[in-house]
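So the sequence lines, in the order shown, correspond to chains A and B. 1 is the number of the first residue of the first sequence in our numbering; add one for each residue after it. 1 is the number of the first residue of the second sequence in our numbering; add one for each residue after it.
Everything labelled a hint here was simulated from the structure, so no lab data went into it. Even glycine gets a Cβ: it sits at the ideal position worked out from N, Cα and C. A few of these clues could be false.
[Unchecked claim] Just a sample of chain B residues kept apart from chain A, beta carbon distances all over 12 angstroms, derived:
id, residue
1, 11
2, 13
3, 73
4, 94
5, 98
6, 104
7, 126
8, 154
9, 158
10, 166
11, 181
12, 223
13, 243
14, 260
15, 283
[Stated by the list, open to error] Partial selection, computed: residues in chain B whose CB lies under 8 angstroms from chain A:
id, residue
16, 14
17, 99
18, 105
19, 155
20, 221
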Amino acid sequence: MTISRKMTALAAALAVALGSATYAAATLKRADAPQPIRIGIVSFLTGAAAAPFGIPAQDAAKLLIDRLNKGKVPAPYNIRGFGGHRLQAVYVDEAGGASQAVSNYRQLVQSQNVDLVIGYISSGDCLALAPVVEELKKFTIFFDCGTSSLFQKPLAYGFRTAGDQANDAIAAARYVLTVKGKSNVQSIAGINQNYAWGQDNWKTFSEAMKVLNPDVDVKSSLFPTLFSGQYSTEISRILSDQATVTYSSFWGGDLDSLLQQGIPRGLGQATQLILSTADTALPEFGSRFPAGIIVGARGPHGALAPEDNALNQWFVGEYQKAYGKVPVYPAYHMAQAILGAKASYELAMKKFKTASPTEKQWRAKLRGLTFDTPSGKISMTRALGHQAIEGSAYGISDGYDAKLGRVKLTKVIRYSPKCLTAPPGFFLYDWIARGFPGATCP
Amino acid sequence: MILIIVDGIVKASWLFLLSVGLSIVYGVLRILNLAHGSLYALGGFVAAILVTDWVEHGRWEEGTFLILFVAAALVGLASGPVIERGALQWIYGRDQALQLLATYALFLILEGLQIALWSSESFQTYVPFSVLGNFALAGVIYPWYYAILLGTAVTAGLILWAFLNRSRFGRLIAAVTYDREISRALGINLRVVYVITFTIGAFLAGLGGAMSAPMVSVVPGFAVDATVAAFAVVVIGGLGSIGGAAVGALVVGVAQAWAVHEAPDIEVFAIYLVMTSVLLIRPQGLFAREAVRRI
Chain A
1 MTISRKMTAL AAALAVALGS ATYAAATLKR ADAPQPIRIG IVSFLTGAAA APFGIPAQDA
61 AKLLIDRLNK GKVPAPYNIR GFGGHRLQAV YVDEAGGASQ AVSNYRQLVQ SQNVDLVIGY
121 ISSGDCLALA PVVEELKKFT IFFDCGTSSL FQKPLAYGFR TAGDQANDAI AAARYVLTVK
181 GKSNVQSIAG INQNYAWGQD NWKTFSEAMK VLNPDVDVKS SLFPTLFSGQ YSTEISRILS
241 DQATVTYSSF WGGDLDSLLQ QGIPRGLGQA TQLILSTADT ALPEFGSRFP AGIIVGARGP
301 HGALAPEDNA LNQWFVGEYQ KAYGKVPVYP AYHMAQAILG AKASYELAMK KFKTASPTEK
361 QWRAKLRGLT FDTPSGKISM TRALGHQAIE GSAYGISDGY DAKLGRVKLT KVIRYSPKCL
421 TAPPGFFLYD WIARGFPGAT CP
Chain B
1 MILIIVDGIV KASWLFLLSV GLSIVYGVLR ILNLAHGSLY ALGGFVAAIL VTDWVEHGRW
61 EEGTFLILFV AAALVGLASG PVIERGALQW IYGRDQALQL LATYALFLIL EGLQIALWSS
121 ESFQTYVPFS VLGNFALAGV IYPWYYAILL GTAVTAGLIL WAFLNRSRFG RLIAAVTYDR
181 EISRALGINL RVVYVITFTI GAFLAGLGGA MSAPMVSVVP GFAVDATVAA FAVVVIGGLG
241 SIGGAAVGAL VVGVAQAWAV HEAPDIEVFA IYLVMTSVLL IRPQGLFARE AVRRI
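Please model the entire structure based on the sequences and the hints provided.
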């Protein structure tokens, strides 16, 4: 072999070695790069619940995922993504009923291979999905639905980072008795949608009222079909009942339709109307929203969010900048779910000393966790650490502030979770019937 | 009692506008149009958009009533001939299961169209509902809009009846209803009869939707519950009969109003209890004959 041949062979060997080393290094680098975390985000993107609920929730998810990926969310959430792992979202429409929701969930888990599912506004969908979540063993956070029946059977893979309907209904009962005075509330009536959410809401509200004001008379309990839209007869019944207080947990298009038909007929004047989800209707109705309505936001969210909370100020500012409107409560619930997932993921990284915790480790750290949100601290302390407790707030509409472009709320009262949540070991309705033992209320 | 009657009539007016087009189309074309509710929804959307535009331009608010009828006419004229010529003409005389599947496919297409056009939008067309003010009855406030709704339902029913029973073209439609083959042999242009009848049905569906728009939040899917109610009305009254649609609407409306005022626990089932009771006694509905079709 000549020298030049030897040199050529050496050069070739070097080239191969260098190439292999470069390839190996690149491969190693890719392997070392944090794998993205895929999150399925499910909310109503079409239909009656899209505009007031699903779209604001999706907007909040898009905003937070973008800012988290850029590392632009304030502390304690200023690490990029989830512990450096970039977030990838797969958005799915919740519309189509419970069986469609189940089918879409299976596809998200089995075809899209998401690491986490955050979703579901409808209580019916949540109840239908609970057993499927356990069957497919997929980490799932129910972010908005409010039925109290979700954790009747303990769930290992399912969590809910928002309070259930009991918070809204108990806080509503306490609020109306405070602002009107017990002796001025002689009778109550209810109009709620005929499914788990509406029935649970009315049962909790009416039971709480009977305990807090034993002389109260129940005038009527109306349960029209979900999405029926036409409430001419129900409104006549409420107007003729003349109950002191009428409670409704109507939401979405049904709430808008009730207000649309009820406002011109004097519904707001004939009875003290309590609307536990009215926060979503405030931007829709604007200056047409009547004064004197008791407004809820399913927790201290939206128009009732704490104004002095730095995370809330950031969230409202970014949301307004991105979408030109204020966030309503479903956006807050979505933020709670995403921030809870992030806090628990990063805690699992620290606790288990790993850059990529397993799903089991991740879930373990959400169980019982307390974390910061734009609405204040959320604690996962019920249902064996799978269900959040959160406070609530109510206020009374007091006209439209044209300068700020929003409905004014006065007489705002905030309730801590200790006032609204049954202590461990108590079944909700037993706790109410026994007079709320252990409750600490304003 | 007075409230039950008034509320029942209000509900019946709405139900009649919802269902009479469905009944007419079945009576003449012998097709149970599952897409009827989608045409109702289109009427709602078009009315909501036109009325919103009208009000935003500061125009005469009472003029919004006219806009509701314009919206219904637009829906009828735009969708009627297209659907009849494009889809229904291929399934006349075919197996009923096939007809149901075909109109169900139409329903899905039209629902998809709504989602594509107005996916997350909600329209609130409140002006016509409140512009005329209210009146009080037995201590309960009612908007005058309900009187407009009743007037529209009665007028639509009377015009339809007069058209079908007193006009020349109406008699041609009646002839086709009774015997298609003989009518064709006599020189009646079936194609024209079918197109016009279906367009009338689409217009009535659109009118139902347009009259509903001022009362409800118009969003994709808002017509689903109304569609179920419309089918219950025509089943009770008897498919293919204007009188049947009117009586069916009245029975359902009053039954629901009675349930809400007197027995709220059965409100949701009231419509089905009535339907089951009627079908047990008269399986063909109150006004339909078993052998002879009427319109």
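Comparing the hints with the structure gives:
1. With a least beta-carbon separation of about 6 angstroms from chain A, residue 11 of chain B fails to lie farther than 12 angstroms from that chain, contradicting its non-interface assignment.
2. Chain A draws residue 13 of chain B into its interface by the beta-carbon criterion, the shortest separation being 10 angstroms against a cut-off of 12 angstroms.
3. Annotated as non-interface, residue 73 of chain B keeps its C-beta farther than 12 angstroms from every C-beta of chain A; the closest such distance is 23 angstroms.
4. Listed as a non-interface residue, residue 94 of chain B keeps its Cβ farther than 12 angstroms from every Cβ of chain A; the least gap is roughly 29 angstroms.
5. No beta-carbon of chain A is positioned within 12 angstroms of the beta-carbon of residue 98 of chain B; the least distance is around 25 angstroms.
6. Consistency note on residue 104 of chain B: stated as away from chain A, and its beta-carbon is indeed over 12 angstroms from all of that chain's, at 15 angstroms minimum.
7. Distance check for residue 126 of chain B against chain A: the nearest CB is about 6 angstroms away, which does not clear 12 angstroms, and the non-interface claim fails.
8. Look at residue 154 of chain B: its CB is around 17 angstroms from the nearest CB on chain A, clear of 12 angstroms, so calling it non-interface holds up.
9. Non-interface call for residue 158 of chain B relative to chain A: holds, since the shortest CB-CB distance, roughly 23 angstroms, exceeds 12 angstroms.
10. With a least CB separation of 33 angstroms from chain A, residue 166 of chain B remains clear of the 12 angstroms interface cut-off, as annotated.
11. For residue 181 of chain B, the shortest C-beta to C-beta distance to chain A comes to about 42 angstroms, beyond the 12 angstroms cut-off, and the non-interface label holds.
12. Not every beta carbon of chain A lies more than 12 angstroms from that of residue 223 of chain B, the smallest distance being close to 9 angstroms; the non-interface claim is violated.
13. At the 12 angstroms boundary, the C-beta of residue 243 of chain B stays outside the reach of chain A, the nearest C-beta of that chain being 23 angstroms off.
14. Its closest Cβ contact with chain A, about 4 angstroms, brings residue 260 of chain B to no more than 12 angstroms, contrary to its assignment away from the interface.
15. Non-interface status of residue 283 of chain B relative to chain A is upheld: no Cβ of that chain comes within 12 angstroms, the nearest being about 26 angstroms off.
16. Given the 8 angstroms rule on beta carbons, the hint for residue 14 of chain B holds: about 6 angstroms separates it from the nearest Cβ of chain A.
17. With a cut of 8 angstroms, the hint placing residue 99 of chain B at the interface with chain A is violated, because the nearest CB-to-CB distance is about 25 angstroms.
18. Evaluation of the residue 105 of chain B hint against chain A yields a violated restraint, the C-beta minimum of about 17 angstroms exceeding 8 angstroms.
19. The closest approach between the C-beta of residue 155 of chain B and any C-beta of chain A is roughly 20 angstroms, which is over the 8 angstroms cut-off, so the hint fails.
20. Evaluation of the residue 221 of chain B hint against chain A yields a held restraint, the C-beta minimum of about 4 angstroms falling below 8 angstroms.
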